[in-house]
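Join the two chains, each given in its own frame, into one complex according to the hints.
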Amino acid sequence: MITSIAHATIYVLNQDEALDFYKNKLGFEVGDDMKVEGGFRWLTVYPKSNSQLQLVLAEPKEGPMFNKEAAEKIRSLITEGAFGAGVFETENCQQTYEELVAKGVEFIQPPTEQLYGVEAMGLDNSGNWFSLVQR
Amino acid sequence: MATNYKFKKVKAGRDHIADNFHNALSLSDMAKHAHISPYHFLRVFRDTYGETPNEFLIRLRVTHAKKLLITENHSVSEICEHVGYSSLGSFSSLFLKQTGMAPTLYRRKLWALSAEPFCFPSQAIPACYAYHFLGK
Numbered sequence: 001m002i003t004s005i006a007h008a009t010i011y012v013l014n015q016d017e018a019l020d021f022y023k024n025k026l027g028f029e030v031g032d033d034m035k036v037e038g039g040f041r042w043l044t045v046y047p048k049s050n051s052q053l054q055l056v057l058a059e060p061k062e063g064p065m066f067n068k069e070a071a072e073k074i075r076s077l078i079t080e081g082a083f084g085a086g087v088f089e090t091e092n093c094q095q096t097y098e099e100l101v102a103k104g105v106e107f108i109q110p111p112t113e114q115l116y117g118v119e120a121m122g123l124d125n126s127g128n129w130f131s132l133v134q135r
Numbered sequence: 001m002a003t004n005y006k007f008k009k010v011k012a013g014r015d016h017i018a019d020n021f022h023n024a025l026s027l028s029d030m031a032k033h034a035h036i037s038p039y040h041f042l043r044v045f046r047d048t049y050g051e052t053p054n055e056f057l058i059r060l061r062v063t064h065a066k067k068l069l070i071t072e073n074h075s076v077s078e079i080c081e082h083v084g085y086s087s088l089g090s091f092s093s094l095f096l097k098q099t100g101m102a103p104t105l106y107r108r109k110l111w112a113l114s115a116e117p118f119c120f121p122s123q124a125i126p127a128c129y130a131y132h133f134l135g136k
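Residue numbers (the working numbering), protein chains in the order written: chain R, 1 to 135; chain S, 1 to 136.
Calculated from the structure, these hints are not laboratory results.
Each hint should be verified, as a subset may be incorrect.
Straight-line Cα separation of at most 30 Å, DSBU-like style, residue types lysine-lysine; simulated pairs [said to hold, decoys possible]:
| hint | chain 1 | residue 1 | chain 2 | residue 2 |
| --- | --- | --- | --- | --- |
| 1 | R | Lys23 | S | Lys97 |
| 2 | S | Lys109 | R | Lys25 |
| 3 | R | Lys48 | S | Lys6 |
| 4 | S | Lys67 | S | Lys11 |
| 5 | S | Lys8 | R | Lys48 |
| 6 | S | Lys67 | R | Lys25 |
| 7 | S | Lys109 | S | Lys67 |
| 8 | R | Lys103 | S | Lys11 |
| 9 | R | Lys35 | S | Lys66 |
| 10 | S | Lys11 | R | Lys23 |
| 11 | S | Lys8 | R | Lys61 |
Excised from the complex, chain S in its bound form (with noise of 0.2 Å):
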């Protein structure tokens, strides 16, 4: 019962993350929502989802921008400011490195193969689904 109560402590910080990823948050925000010190929640968090959650916010906000780049025609800047930050240079270094190419290269390439822009390529989905609904 104890584990089952620290583990609906530790899920409120992450559906707090969840639902607020696109402002901006730091890790004492996440932990006064689970009500555990932002250390104890750090490790917690870690043990649980074998991610931290700065990991967490990190990968929402780069799929959400990965999206956006690809299906909406805003800007880099916008995009990032939708995703929730603030430095256009913190944003587009992250996206770098967590993608292997900068913002717009990204949203080049994937346009490039697409047939239509704001049409996802099908590299863009799992090549499973890919073949058995395109037959590529």
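So here's chain R without its partners, still in its complex pose (with noise of 0.2 Å):
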């Protein structure tokens, strides 16, 4: 049986500026920041006092399994917003929204009244969406 997830993986533009937005801009807590052979960088992160879920911010680069085009493609894809990093839930979506708002997120839905809540849409700085849910 499955307990839990672990981690889960969003795709950025730039380690070093996804770190600085999600940390100074979402408030998030670092989990993992370590350098693995091969150069490649494990960065995880969390929402402060829940890390059961850590979002793994990993950039796509020419390796085993991307190949140099295959890379390419998916950064012009976050770019366009084709992926999500996930649904962040809030106790106050209409708080947290104008906190983040004030810091400089970009949002593209204002809190809004949905069936299970009320449900903000905003941008990570490398342009994939999140859902910011109160319940």
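If you want it as structure tokens, here you go:
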């Protein structure tokens, strides 16, 4: 039986810039930030006080999994907003939305009533969308 | 609503542990931040998160110690202090119990696997990521 999800990946254009965004704008904590042999940087972040599921911030790079062309294709898809970073929960969507807007986070949908709660939709600094949900 | 209220209190206690794991923390400290009696806090915490507050605290400390052992050149006793233990003996035996290795051996083993010191070997990250990004 699988009990929980530990890591999920989000592709970003630049790990330094993504780290700055997730840490200083969204207020996430850094889980791991380590250099792994082979030049890979293992970088994870999680919302403060809940480290159960960590987001892996990874750069699509030419390597064993992607050739140059595929890596470039993924980078351009990120910019176009083809990928989502997931759904982030908040206790107060309106308040969090206002805090994030004040920090310069871009939103494509303000807090809106949905069947499952109040939801806003924002973009990270790579162009990945994320939902901000209050249930 | 009542359940949600109780959950918020336990979560406040858990947040306190997560923010202060590197300091000495007693069960009554944790419970105080949750505004629940220590025994009740212990029980509700375990029911909510599937581990006791102390298990959660140990998990945070050991995880942090592992990271420091590999990325920093501090002595084991410095690391022990850094993650909130005052006794090197109890830290070492706890670490041994959790990881199956003494802290120094853990450090030596992982440094040996890595091409350069302070750089994690691929075994330190989930294998699917190592395979995906490093091809091994």
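Evaluated hints:
no., hint, in the structure
1, R:Lys23 to S:Lys97, "violated, 33 Å"
2, S:Lys109 to R:Lys25, "violated, 37 Å"
3, R:Lys48 to S:Lys6, "holds, 20 Å"
4, S:Lys67 to S:Lys11, "holds, 25 Å"
5, S:Lys8 to R:Lys48, "holds, 15 Å"
6, S:Lys67 to R:Lys25, "holds, 25 Å"
7, S:Lys109 to S:Lys67, "holds, 13 Å"
8, R:Lys103 to S:Lys11, "holds, 26 Å"
9, R:Lys35 to S:Lys66, "holds, 15 Å"
10, S:Lys11 to R:Lys23, "holds, 21 Å"
11, S:Lys8 to R:Lys61, "violated, 42 Å"
In this structure, the earlier hints numbered 1, 2, 11 are contradicted, and the remaining ones agree with it.
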